Amino acid sequence: MSDHDIVPLDGNAAAGRLMDVFAVDMTGATVMCEGCGRESALATLALYGGAVGLVLRCPRCDAVNLRVSNTGRSIRIDLRGASRISIHLTP
Amino acid sequence: MSTEASPGLPWLRATVAAIRSETPFVKTIAFDVPHWRGHLAGQHVDIRLTAEDGYQAQRSYSIASPQGSDPRIELTVENVEEGEVSPFLLNVLALGDAIELRGPIGGYFTWRPARAGLLMLIAGGSGVVPLMAMLRTRAAAADDTPVRLLCSSRTKSDIVYRGELDRQSSAGNGVAIVHTLTRGQPAGWAGERGRIDQTMLNKHCWPAEEKPCIFVCGPTPFVEAVANALVALDHVPERIKTERFGPSGGLT
Numbered sequence: 001m002s003d004h005d006i007v008p009l010d011g012n013a014a015a016g017r018l019m020d021v022f023a024v025d026m027t028g029a030t031v032m033c034e035g036c037g038r039e040s041a042l043a044t045l046a047l048y049g050g051a052v053g054l055v056l057r058c059p060r061c062d063a064v065n066l067r068v069s070n071t072g073r074s075i076r077i078d079l080r081g082a083s084r085i086s087i088h089l090t091p
Numbered sequence: 001m002s003t004e005a006s007p008g009l010p011w012l013r014a015t016v017a018a019i020r021s022e023t024p025f026v027k028t029i030a031f032d033v034p035h036w037r038g039h040l041a042g043q044h045v046d047i048r049l050t051a052e053d054g055y056q057a058q059r060s061y062s063i064a065s066p067q068g069s070d071p072r073i074e075l076t077v078e079n080v081e082e083g084e085v086s087p088f089l090l091n092v093l094a095l096g097d098a099i100e101l102r103g104p105i106g107g108y109f110t111w112r113p114a115r116a117g118l119l120m121l122i123a124g125g126s127g128v129v130p131l132m133a134m135l136r137t138r139a140a141a142a143d144d145t146p147v148r149l150l151c152s153s154r155t156k157s158d159i160v161y162r163g164e165l166d167r168q169s170s171a172g173n174g175v176a177i178v179h180t181l182t183r184g185q186p187a188g189w190a191g192e193r194g195r196i197d198q199t200m201l202n203k204h205c206w207p208a209e210e211k212p213c214i215f216v217c218g219p220t221p222f223v224e225a226v227a228n229a230l231v232a233l234d235h236v237p238e239r240i241k242t243e244r245f246g247p248s249g250g251l252t
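In order, the protein sequences belong to chains W and X. Numbered according to our numbering, the first sequence terminates at residue 91, and the numbering increases by one at each position without gaps. Numbered according to our numbering, the second sequence terminates at residue 252, and the numbering increases by one at each position without gaps.
The hints are all genuine.
Beta-carbon label-pair distances, calculated as ranges:
| hint | chain 1 | residue 1 | chain 2 | residue 2 | range |
| --- | --- | --- | --- | --- | --- |
| 1 | W | Asp78 | X | Glu224 | 25 to 31 Å |
| 2 | X | Asn173 | W | Ala63 | 44 to 50 Å |
| 3 | X | Gly163 | W | Val52 | 40 to 46 Å |
| 4 | X | Ser69 | W | Arg73 | 32 to 38 Å |
| 5 | X | Ala190 | W | Val52 | 47 to 53 Å |
Over 12 Å on every C-beta distance to chain X, these chain W residues come out as not near it, computed from the model:
| hint | residue |
| --- | --- |
| 6 | Met32 |
| 7 | Glu34 |
| 8 | Cys36 |
| 9 | Gly37 |
| 10 | Cys61 |
| 11 | Ala63 |
| 12 | Val64 |
| 13 | Asp78 |
| 14 | Leu79 |
| 15 | Arg80 |
| 16 | Ser83 |
| 17 | Arg84 |
| 18 | Ile85 |
Heads up, incomplete: computed chain X residues facing chain W, CB under 7 Å, no partners named:
| hint | residue |
| --- | --- |
| 19 | Leu9 |
| 20 | Asp46 |
| 21 | Ser60 |
| 22 | Ile105 |
| 23 | Gly106 |
| 24 | Phe109 |
| 25 | Glu243 |
| 26 | Gly246 |
These are calculated hints, taken from the structure and not from any lab test. Fair warning: this is a prediction, and the values are worked out from it, not measured in the lab. Glycine included, C-beta positions come from ideal geometry on N, C-alpha and C.
Bound-form chain W, shown alone:
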């Protein structure tokens, strides 16, 4: 199966895994895409995932914004594709 055959889910389904890394729920956080500058709620990013890692892509330009892998021994985060992540605190 090539990448093009895979129907992506969205960042909502990544939220549990992201709580392995972040102390707060990240679905409402906004991610600024390094590729096109669009700011999107993390929940709306396109999610491609496998047993070990997940990739979140910009819904507009498809650039990879976040990569997170968890091998059970280590968690690796690659945020090169996100120029800014804003976490909105509950008042």
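Following the hints, put chain X in place on chain W, whose structure we already have.
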């Protein structure tokens, strides 16, 4: 490996307390989850299955039961052919069995009672599950937010929660529910026919100037088609909250 050594949300032991069929391919499973922190309507849980050889599969499932801290929560699960997790949940799991679950998860696709404004819910197939949690929460709180549900199913027998939706609709306390059937309609069908498009949304969704809060949940192509049609009708993306599910591309 102890779960305590893992970062993040702890995995909880959830015991099957009840199982009921919703449609030929969909069941609701009630779990007793000690130490459940309580949840909001629209949140989900992750379920993790571990094989004897250590292989693990993990999937997200929306919570169907209303907001609150009741340690009995309900998930409504659709059978995904060739899936790794749903066939186990639907065909193997029996009363008294235990699985690993963590949650509640997700704050974006959530609704709380007593928010001002209009609530528009748009469901594709079992995408109605988190939206049902919102309707149940609204009913339990005696909230008077006007709400409309536009629910797309393949056939009449595929409508999830049909009886309960009919009851909410006929109670007439601000709930309006419209069904559309995409793969054939029974004789005398009074609802909509075919996939949800701009024309159908124009007819059943509040206009953009009334600024409804819109929640869309269903398979990815459904959500994208509906969200694009809503934007074409001038609804601003900030008021359209989406959640996609599907058999592929998910986390294993």
